[in-house]
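Asks: First to last, the protein sequences are chains A, B and S.
Okay, so the first sequence: first residue is 31 according to the working numbering, each after it adds one.
Okay, so the second sequence: first residue is 1129 according to the working numbering, each after it adds one.
Okay, so the third sequence: first residue is 123 according to the working numbering, each after it adds one.
Bear in mind the hints are in silico, worked out from the structure with no lab data behind them.
Honestly, I wouldn't trust all of these hints.
[As the list claims (entries may be wrong)] Here are a few chain B residues that sit away from chain A, every Cβ distance over 10 Å (derived from the structure):
(1) Ile1152
(2) Asn1225
(3) Glu1345
(4) Pro1364
(5) Leu1482
(6) Gln1492
(7) Met1502
(8) Ala1533
(9) Pro1538
(10) Leu1551
(11) Gln1665
[To be verified] Short derived list, chain S residues pointing at chain A, Cβ under 10 Å:
(12) Thr143
(13) Lys296
(14) Arg374
Ideal Cβ positions, reconstructed from N, Cα and C, are used throughout, including at glycine.
As a plain string of letters, each chain reads:
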Amino acid sequence: MKNFGYSIIKQRTIDYDQFDGRLLNEVLEMEPSFKVCLSCGGCTATCSAGDLVSFNVRRMNLLLRRGETIELESEIQKCMLCGKCMLVCPRGINLRNVIMLIKKSIAKYKPINS
Amino acid sequence: METTPFILPFTIGLLFISCFLVIIIGIWISSLSRIDKSRIIHSILTKKSWFAIREIVMESLLHRKIFRKNPVLGYMHMSLAFGWFLLIVVGHIEACNHYQTFSVPAYMAIFMRYFVTEPSTTLSGKILSASMDLLLLFVLSGVVLAYYKRANSRLFGMKKTTQLKLGDRIALISLWLIFPLRFLAESVSAGIHHNGSIISHPTGELLASIFPVHSFEMPLWWAYSGALGLFFFALPVSRYMHIPVEVVLIFLRNYGIKVQKRIGGYSRIQVYSCSRCGICLDSCQMSHAAIKDTQSVYILKHIRNKNLTDEKLFNCLLCGRCQPDCPVGLELNNLRITQRIESTKEYNSSYEYLKNGKIAVSPQTEVIYFAGCMTHLTPAIIKSVKEIFAVAGVKYWFMDEEKTACCGRPLMQVGQYEAAKKLIEHNRMQILSSGVKKIVVSCPICYKVFNEDYALPGIRVMHHSEYLLELMADKRLPINKLPLRVVYHDPCELGRGSSIYHQPRLLLDEYVELIPIKNEKKTALCCGGSLANIKIQMNERNQIRDTALDEYLAYQPDLLATACPLCKKTFTKSNKLPIHDIAEIVYMAILNKMDIEINISTQIEKANADKNLRF
Amino acid sequence: MKHIVIIGGGIAGIETACALTDAGHWVTVIEKDSQLGGKLNNWSYLFPDFTPTEKITVELQAKCRDKDFSILTSTEISTILRKDGKFNIETSSDQKLEADAVVVATGYELFDAHRKEEYGYKIYDHVITSADLEELLKPGGDLTVAAGKYPKRIAFVHCVGSRDEKSGNHYCSKVCCITGVKQAIELKMRLPDAEIFCFYMDLRMYGKHFEELYREAQEKYDIQFIRGRLSEASEKIDKSLLIKSEDTLSGRPLKMNVDLMVLLVGMEAGKGTANAAKACGIGCEESGFLKTTDTFLKSNFSEQEGIFLAGSCTAPMSVNDTILHARSAAMEVKHWLSKR
């Protein structure tokens, strides 16, 4: 295909009406403690993987809640499951289970055209 | 030889179960790995087979382990297993003796009292039939206990008992009926023919004087044979499959076969060897948090029934407390991990971002210090280790001071072995390229994986409690006993996981007063913080922790010592008593001694200064 | 004349005592310390207007002198028994008192920062709590981190022991945010060359002039606010601290070297309040603070008739709120006694 110098720019606005909440709902149902994140970033700060590569655990919550499933899938691979995040979380979120749940359920809800 | 139609249910059942067992065990053994198969071939004619036979007698027949744990429960199992075994053996001898031939079909031995209508005349015949009567009484006493156990399990010291499925119910009922029916059938025949022995004869005469025993004889023998046949048919779908499979298991285990990190013939044999005695339920701390359906016995049952869910599979601390108690000696943790590997095998990350950088460290470096991820959240441990190293003059390289990949064990605990390999390889390269021959680890989780899964030839992996003990033995650390009463909490991964029980205790003995407690070493409690459980909720963890802490508090220690940052973090949350790592305690003691020495030396200096003034 | 025993001689206790004495009652204050004033004695200046604490304590002392009520210092209560509509109270020094009403004003305790091990309090040299800093902020307080060296960069950590499941305290201590802002300004006034950062999760400027002070901190004192909870700190050879957080607004992990770290420790109900609750037979909430029978209309009433609550034993409170709560307790006691 000839390159006309255009590319499809991802929409800047979060179109919440287009949001597919099935993955989110499944994760929250299986691990309700994930609901109470207050986005303090303690998990990201302490993350062992985050020391080695650009990785933000806290953003998993946002990606999940905004339907950014494709980015979520590639990001979540970086987690080493060391569990440090759970030891600093002020809300006691069972993050390792969240990671495993997302890994396991994500294929079901990935957009087909990706 | 004579025959009669009622032998059919028994004979068909026996044929069925024999064929079934040969086929299924054949399939399992053929699906073993090549190494395991060669293990069998090379061991079968060695004394290992003899050890296996001895173990079968001691455990499968006499149930020595259950006896030790609980004599009543042990007697029940022994009377059923050993008694039944002897009934078969002695019964055959009796039949051989009576017919004066070695080729007696099984039914002739089992139903001999029906076929033989004359009283035994020879002395050997009399002794044999008397011992058969006594053996049946022995078995019946076990059956009575089994009835009672179902109704009231507390007598047996067990808090919980397992629940039954349909196959189990049929097998259980037929098993319960076999011996009373046999007793009745034999007594009735003895009453009719006025033969029998010390028990069956009087019982038979008594029954004959009350009932019209002639019309009872055939139905009773039919029922007895039917119960046997039913039991054989229900066996494959019941927990009693453990009776034949356990024998195979004991042989294979003695040949050195272990559960591999995949589901295979041997893991199936282990699963089918579970008798569902429920002894593992009693030692499981999950029940402190009212979690009562995820224990090993249930997991093995779900594996057999193919209805295991992630919610149950991953709701276990893998503390290993149930393992030493298992009378069959099953590898309960490994079986669960095998299932976890299967459950998560599609989700292993590749960690392509890891760069295998080689490391150059100073050639004088004596040890590598690897604190571990968790330890970075308990800086008192790191600081103590560093200060102790300084006191002892240890030259070290702090491998994960700023950053490093996780050791890989937390991944393995949830079954992600493939992913863990990537982290292991990354860290391994760094350790090997450093050229240092000793690595000291502060976290038992890391310690276990470094020890078992990192191929580190020529490099000694030590937990800091081992290393500090070595430093002390080499007189590189001052000794100072603090007047503190201390309870030591064995971390699961260090204690049951790596068999490090004595080094921490020897070390603590030099620095504080160590209180012995009931649940320590192999039966030590878990703190509840284990990374192996990804399903448990925080409040449930807290309940497990508090129950453990209450037990420790009963000894009224000044502080609780542990050797794991995760245990420390978990316990500290409760704020019930001071918790310190062994390294902190050693550092405190050394510091205290140095303080005293400094004080004394300053006093001496002062005294000298005073003298100078005076003179 | 009705006799009222007040447990606790902090600001809540004294204020209640004064108001009840004014109303013509006979009051006895029981204080476990050797002096009155409670936690206020540890503070130097008060938010939001930097009022010196002495101003309040001097006035309270004057009130204590002027009003005629008895004070038992270095005394704790051992038992309280209700008998014939009266309270029979026994103290640790074996005194026996008979009271018509009891006011619990046992206050709070500061969170023991040692429990948040990852922040290194009492492990690293230059980690202090807000209470420690308050001592240093007194005139003549030594702010150096090494001989002749003043901290160049200082971090304040919000929510230490508050809003934290790991500390066992799920609630917000309310006053630490504004304390942090106040102390940051004070430090900046003393050390104009220092860079000061506040690491917060949410800034809760709920009171009068609080928001204005926050703005002033940004505008006049260049205090920087980073939205992120500190995960851990480590000590370098030069005793400076490497702290880790996430700058959540830019979505990236953040590392920073600081010379001094101040932990804004929260409030806990503490042992004094727990003991009083046990002796009085009144309930505590999950947080440990004392239960009031109604949030809106009965915030001074305990579960036991005749036992009233005043000040921060019911919830974290500022000095100002404590004084108001104490006065309302006095009114409720007076009203209740008049009905009997």
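Asks: Indicate, hint by hint, whether the structure satisfies it.
Replies: Status of the hints after comparison with the structure:
1. In this structure Ile1152 of chain B is separated from chain A by more than 10 Å, as the shortest Cβ-Cβ distance comes to about 32 Å.
2. For Asn1225 of chain B, the requirement that its beta carbon stay farther than 10 Å from each beta carbon of chain A is met, with the minimum near 65 Å.
3. Glu1345 of chain B, annotated as away from the interface, keeps every beta carbon of chain A farther than 10 Å; the closest lies near 62 Å.
4. Every C-beta of chain A lies more than 10 Å from that of Pro1364 of chain B, the closest at about 33 Å, which supports listing it as non-interface.
5. With a least CB separation of 7 Å from chain A, Leu1482 of chain B falls inside the 10 Å interface cut-off, contrary to its annotation.
6. No beta-carbon of chain A comes within 10 Å of the beta-carbon of Gln1492 of chain B; the shortest separation is about 27 Å.
7. In this structure Met1502 of chain B is not separated from chain A by more than 10 Å, as the shortest Cβ-Cβ distance comes to only about 7 Å.
8. The Cβ of Ala1533 of chain B does not lie farther than 10 Å from every Cβ of chain A; its closest approach is about 7 Å, which violates its non-interface assignment.
9. Residue-level check failed: Pro1538 of chain B sits 5 Å from the nearest beta carbon of chain A, not beyond 10 Å.
10. A cut-off of 10 Å between C-beta atoms contradicts the statement that Leu1551 of chain B is not in contact with chain A; the least separation is 6 Å.
11. For Gln1665 of chain B, the requirement that its beta carbon stay farther than 10 Å from each beta carbon of chain A is not met, with the minimum near 7 Å.
12. Annotation: Thr143 of chain S was flagged as interfacial toward chain A, and the flag is violated, the nearest CB pair being 44 Å apart, outside 10 Å.
13. Proximity of Lys296 of chain S to chain A is violated relative to the hint, the smallest CB-CB distance being about 16 Å (cut-off 10 Å).
14. For Arg374 of chain S, the interface hint holds, since its Cβ comes within 10 Å of a Cβ in chain A; the closest pair sits about 7 Å apart.
Hint compliance for this structure: hints 5, 7, 8, 9, 10, 11, 12, 13 are broken, all remaining hints hold.
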